[in-house]
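Asks: Given only the sequences and the hints, what does the whole structure look like? Please build it.
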Amino acid sequence: MITKKTLSRRTMLRGAGAAIALPMFDAMAPAMNSSSIPGKAPIRMAFTYVPNGLDMRHWTPKQDGAFVGELPKILKPMESMRQDMTILSNLTQNNGRALLDGAGDHGRCCGAYLTGVQPRKSFVDIKAGISCDQIVANQVGGQNRFPSLEVGLEDARQAGDCDSGYSCAYTNNLAWRSETQPLPPVLDPRALFERLFGKGAALNPEERARQTKYRRSILDFVTADTRKLQGDLGPTDRRKLDEYLSSIREIERQLEKAEKDNAQVNPGMPKPYGVPADFAEHFKLMTDMITVAFQADMSRVVTFLVTREGTSRPYREIGIPDGHHPLTHHQNKQELLDKVTRINEYHMVQFAKWMEKLKSIKEGDSTILGNSMIVYGAGLSDGNRHTHENLPVMIVGGGGNTIKGGRRITYRKETPISNLYLSMMDRMGVRIEHFGDATGRIDGLNLA
Amino acid sequence: MQFRGQGKPSLGVVFDSDMGSRVETALALSVLYGLDGKNECRVVSISSSRTSLLSAAYCEVVGRFYAGAVSGAIFSIGRTLPVGLAADGKIAGDTPILTGPLSLKKPDGSPTYEHGIDELIDTAEAHGLIRNALTAQHDQNAAVVLAGPATNLLKVLSLPGSKALIAAKVKHLVCSTPLAAKELEAAGWPSPIVSVSPSVGSAVLFPAATLEKEFAAFPAHPVADAFRVQPHDAPTGELAAVLYAVRPADKAFALSESVGKIRQLLLETAEKERLLAAYIELATAKPVVRQPRFRPPAVDAKKPDVPPAKP
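Those protein sequences? They're chains A and B, same order as listed.
In terms of my numbering, the first sequence has 237 at position 221, counting the first letter as 1, and numbering is strictly consecutive.
In terms of my numbering, the second sequence has 317 at position 271, counting the first letter as 1, and numbering is strictly consecutive.
Treat the hints with care, since some could be wrong.
With a straight-line cut-off of 27 Å between C-alpha atoms, the simulated BS3-like cross-links for lysine-lysine are [unchecked claim]:
| id | chain 1 | residue 1 | chain 2 | residue 2 |
| --- | --- | --- | --- | --- |
| 1 | A | Lys89 | A | Lys420 |
| 2 | A | Lys276 | A | Lys378 |
| 3 | B | Lys318 | B | Lys54 |
| 4 | A | Lys143 | B | Lys297 |
| 5 | A | Lys143 | B | Lys209 |
| 6 | A | Lys300 | A | Lys375 |
Here are a few chain A residues that face chain B, going by a calculated C-beta distance under 10 Å [as the list claims (entries may be wrong)]:
| id | residue |
| --- | --- |
| 7 | Asp80 |
| 8 | Arg113 |
| 9 | Glu430 |
| 10 | Thr431 |
| 11 | His450 |
If you're looking for bench data, these hints aren't it; they were derived computationally from the structure.
Note that the Cβ used here is the ideal one computed from N, Cα and C, for glycine as well.
Replies: Structure follows, in C-alpha cells:
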C-alpha cells in the first residue's frame with residue numbers, strides 16, 4: 017500500500033522576489049522509498065582550475081595503484097578524502113603547446129584546457145572551441161535552472177593582450193559557449209547569490225548599502241512556504257531542510273560580513289562590492305554557493321577558475337608578497353620553489369574544505385560528492401618550463417558510484433586530457449564520439 | 047616546437063616502423079638521425095607497430111644515442127621524444143636485433159644502453175603521437191616514412207580531422223613496401239605516396255664490413271650492436287625511403303608514372319656507388335647536439351653583439 021506523500025523535484029520556496037530551490041528529499045523520490053534506487057540522484061561535473069602549473073615534485077604519489085603511506089605535500093589537505101580522489105598521471109594538452117604559434121603558453125593552455133583545441137593567437141579576433149562543460153550544459157542543462165555556473169575568484173578583464181598576443185579572454189575564462197564566446201566567471205559572491213536566489217541584476221554600491229541597512233534574510237521572504245513544507249515532510253527531510261536553510265543563512269552572514277568589511281576598507285583597486293578581502297573567505301563563499309546549487313539541483317555543471325592563468329597575484333595572507341607567476345619561474349631555486357609549493361598547498365587547503373562539505377551532505381544512499389566528479393588541475397604541469405604533458409589532474413567524487421578512488425592511475429605518455437572529458441561526459445549522459453583532440457576514452461576509472 | 051618569424055625550419059620527419067624485424071630498419075633510423083644531425087631534417091616522431099616493449103625501448107635507445115639532435119623543442123637537449131607503440135595487436139616476439147643490444151652490459155654490470163621503457167605506460171599511443179607531431183609542422187614541411195606495416199598510420203587516418211591535417215602538412219609519404227602503400231591509398235591517405243620498388247633495396251647492400259671500419263670508431267653504437275647480431279650485407283630499401291623523404295631531388299632516385307596516387311621509387315643505376323657512400327656516411331655519423339630552436343633573446347643595447355677584437 018502506498019502511503020507516502022510525494023513531493024515534486026521542482027518544488028521551491030517562494031516569497032516576494034525570492035525563490036529557493038530545494039535539495040533532494042526522500043519525499044521527492046517516487047513512493048515506496050526509491051531513494052535507495054541507484055543512479056537516481058543527479059550526477060554533477062565541476063572543473064577547478066589553478067594557474068601557473070604546480071610543483072609536481074609534491075603532487076604525484078610515488079607509485080601507481082592504491083595510495084600507500086603519506087600523500088605528497090600538496091595533496092595532504094585531502095587526507096580525509098583519500099578514498100574519494102584519484103590522481104591521473106600523464107594526461108597531456110597538446111593544443112596548449114606552441115605548435116607553430118610561438119610564445120604564449122599561459123594564454124594557450126587555459127584556452128585549450130576544456131576546449132581541446134588550439135586557441136587562435138589574437139587579442140582581437142578570438143577563437144577557441146565549445147568547452148566540454150558547455151557541451152554537457154547544452155544537452156542536459158535544460159533540466160536545471162542554470163545549465164552551468166561559471167565562478168572565479170580574481171577580478172580579470174576580458175579584453176586586451178594578456179600573454180604574448182593572446183587575448184585575456186583565453187587566460188581569464190574556462191568555459192566557452194561557442195568558438196568565439198567565452199563565459200566569464202562570476203567573481204562577486206553577492207552577484208552569484210542573487211543569481212541563485214533572485215533579486216535580479218547587481219545594484220550599485222550606494223543602493224546596495226541602502227538596501228543592506230533594511231535587509232532581511234532571504235529566508236524571511238519564504239517563511240510561509242517553509243512552514244507549509246515542513247508540515248509535509250518526514251523527520252529526516254525536516255532535518256535536511258533545516259540544515260539546508262541554515263547553510264543559506266550562513267552564506268548570507270558571510271556576505272554581509274564581507275560587505276561590511278569592504279565598506280570600511282579601501283582595497284586600492286577596482287573590486288566587486290561583495291568580494292571578501294580574504295582569499296580563503298572568498299573561496300569558501302563561492303564554493304558554499306556552488307554546494308547549494310548542487311544540493312538543490314540548480315545546476316549540475318560548474319567551472320571554477322580559482323585565479324586567472326598567468327596571474328601574478330601575491331599571497332600575503334600566507335606571507336608570500338611575491339607574484340605567483342614570477343615565482344613559478346623559479347629556475348629551481350629552493351627558496352622560490354618552496355613558495356610555489358606553499359601557494360599550491362594553500363589552494364588545496366581551501367579546495368579540501370569544499371570537498372569535505374560536499375562529502376558531508378547526504379543524498380540518497382550516497383553524498384553530493386559521491387554523485388559528483390570534481391576535477392582539480394592546471395593547464396601547465398611545470399610552470400617553470402611551461403610543460404603541457406603529465407598535467408596535474410585529480411578527480412574527486414564517485415561520479416554516481418562509477419569511479420573508484422583512492423589511487424593513482426598512470427596513462428600512456430601523451431594521452432590527451434580530452435579523453436578524460438569524453439569519459440566524464442559519458443557519465444553525465446552525454447555520449448559523443450569526438451571531442452577536441454581526444455583519441456578515445458580513458459580506461460581504469462571504473463569501479464571494477 | 048617551431049616559431050613563426052624564424053623562417054621555415056628543416057623538414058619534420060615522422061618515422062614509423064616495425065623496429066626489430068630487420069636490421070635494415072635500425073640502419074634506416076640511423077640514416078635519419080644522420081640527416082637530422084646535418085640539419086637537413088628534424089626527427090619529430092618515432093613509433094613502432096611491432097607490439098613489443100623492446101621494440102619501443104630500442105627506438106628510445108637510438109634516440110638517446112643521438113640525444114640532443116632528436117628534437118628541436120625547447121629544453122629538449124638530452125631528452126628524447128616519447129616513443130609511440132601499437133598496443134592493441136598480437137604481442138610480437140622479441141628478436142635478437144632487439145635483445146642483443148639491449149642485453150649488453152658495461153663492465154660494472156649496468157646496461158650499455160639505458161632506456162626508460164619498462165611498461166606500456168612508458169610509451170605513447172602511436173597514432174595520437176604522430177597526429178600531434180604533425181600539428182606542430184609548417185604546411186607541406188613534413189614527410190612520413192613508413193618502414194613496416196601500415197597499422198599505426200591507418201589508425202592516424204581514423205582520428206577526426208586527420209586527413210585534412212595530413213593533406214596540409216605532409217609533403218609525401220614514403221613506404222618501404224608496396225603493400226602498405228596500397229593499404230594507405232585505399233584508406234584515403236591524402237598526400238602523395240611513394241613506394242620503394244623492391245629492386246631498390248636489393249640493388250645496394252649495406253656492407254657488414256662497416257662494423258670493422260666506420261662503426262668501429264664508436265665505443266658503443268646501438269645500431270652497430272644490432273647489426274653485429276647477424277652481420278650480413280643488408281638490403282637498403284628502408285634507407286632509400288628515408289633518404290628520398292629528405293632528399294627527393296637526389297639524382298640517385300627516379301619516380302615512375304603514378305598508378306592511382308602511388309609512384310614507385312626507382313634507382314638510377316649509375317648512382318649506386320654514390321648512394322652507398324651516402325648511406326654509410328649518414329648511418330655512421332657522429333651524434334650532433336643541435337641547439338634548440340628558440341626565439342633569440344632581445345639584444346641588450348648596452349652590450350655589443352660581437353665582443354671587441356683583442357688588440
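Asks: All hints, please: hold or fail.
Replies: For each hint, the structure was consulted:
Taking the CA atoms of lysine 89 of chain A and lysine 420 of chain A, the gap is about 22 Å. The hint holds against a cut of 27 Å. Of the pairs offered as hints, the one joining lysine 276 of chain A and lysine 378 of chain A is violated, with about 33 Å between alpha carbons and a cut-off of 27 Å exceeded. This hinted pair does not check out: lysine 318 of chain B and lysine 54 of chain B have alpha carbons roughly 32 Å apart, beyond 27 Å. A hinted pair counts as satisfied when its Cα atoms are at most 27 Å apart, and lysine 143 of chain A with lysine 297 of chain B does not qualify at roughly 46 Å.
Between the alpha carbons of lysine 143 of chain A and lysine 209 of chain B the distance comes to roughly 22 Å, so the proposed pair stays at or under 27 Å and holds. Proposed proximity of lysine 300 of chain A and lysine 375 of chain A is supported: the alpha carbons are some 15 Å apart, at most 27 Å. Taking 10 Å as the C-beta cut-off, the interface hint given for aspartate 80 of chain A holds, the closest approach to chain B being about 8 Å. With its C-beta approaching chain B no nearer than about 7 Å, arginine 113 of chain A sits inside the 10 Å limit, and its interface hint holds.
Evaluation of the glutamate 430 of chain A hint against chain B yields a held restraint, the C-beta minimum of about 4 Å falling below 10 Å. Of the supplied interface hints, the one on threonine 431 of chain A holds, with its beta-carbon coming within about 7 Å of a beta-carbon of chain B, less than 10 Å. Because the closest C-beta pair between histidine 450 of chain A and chain B is about 4 Å apart, less than 10 Å, the hint holds.
Going through the hint list in order, the structure does not satisfy hints 2, 3 and 4.
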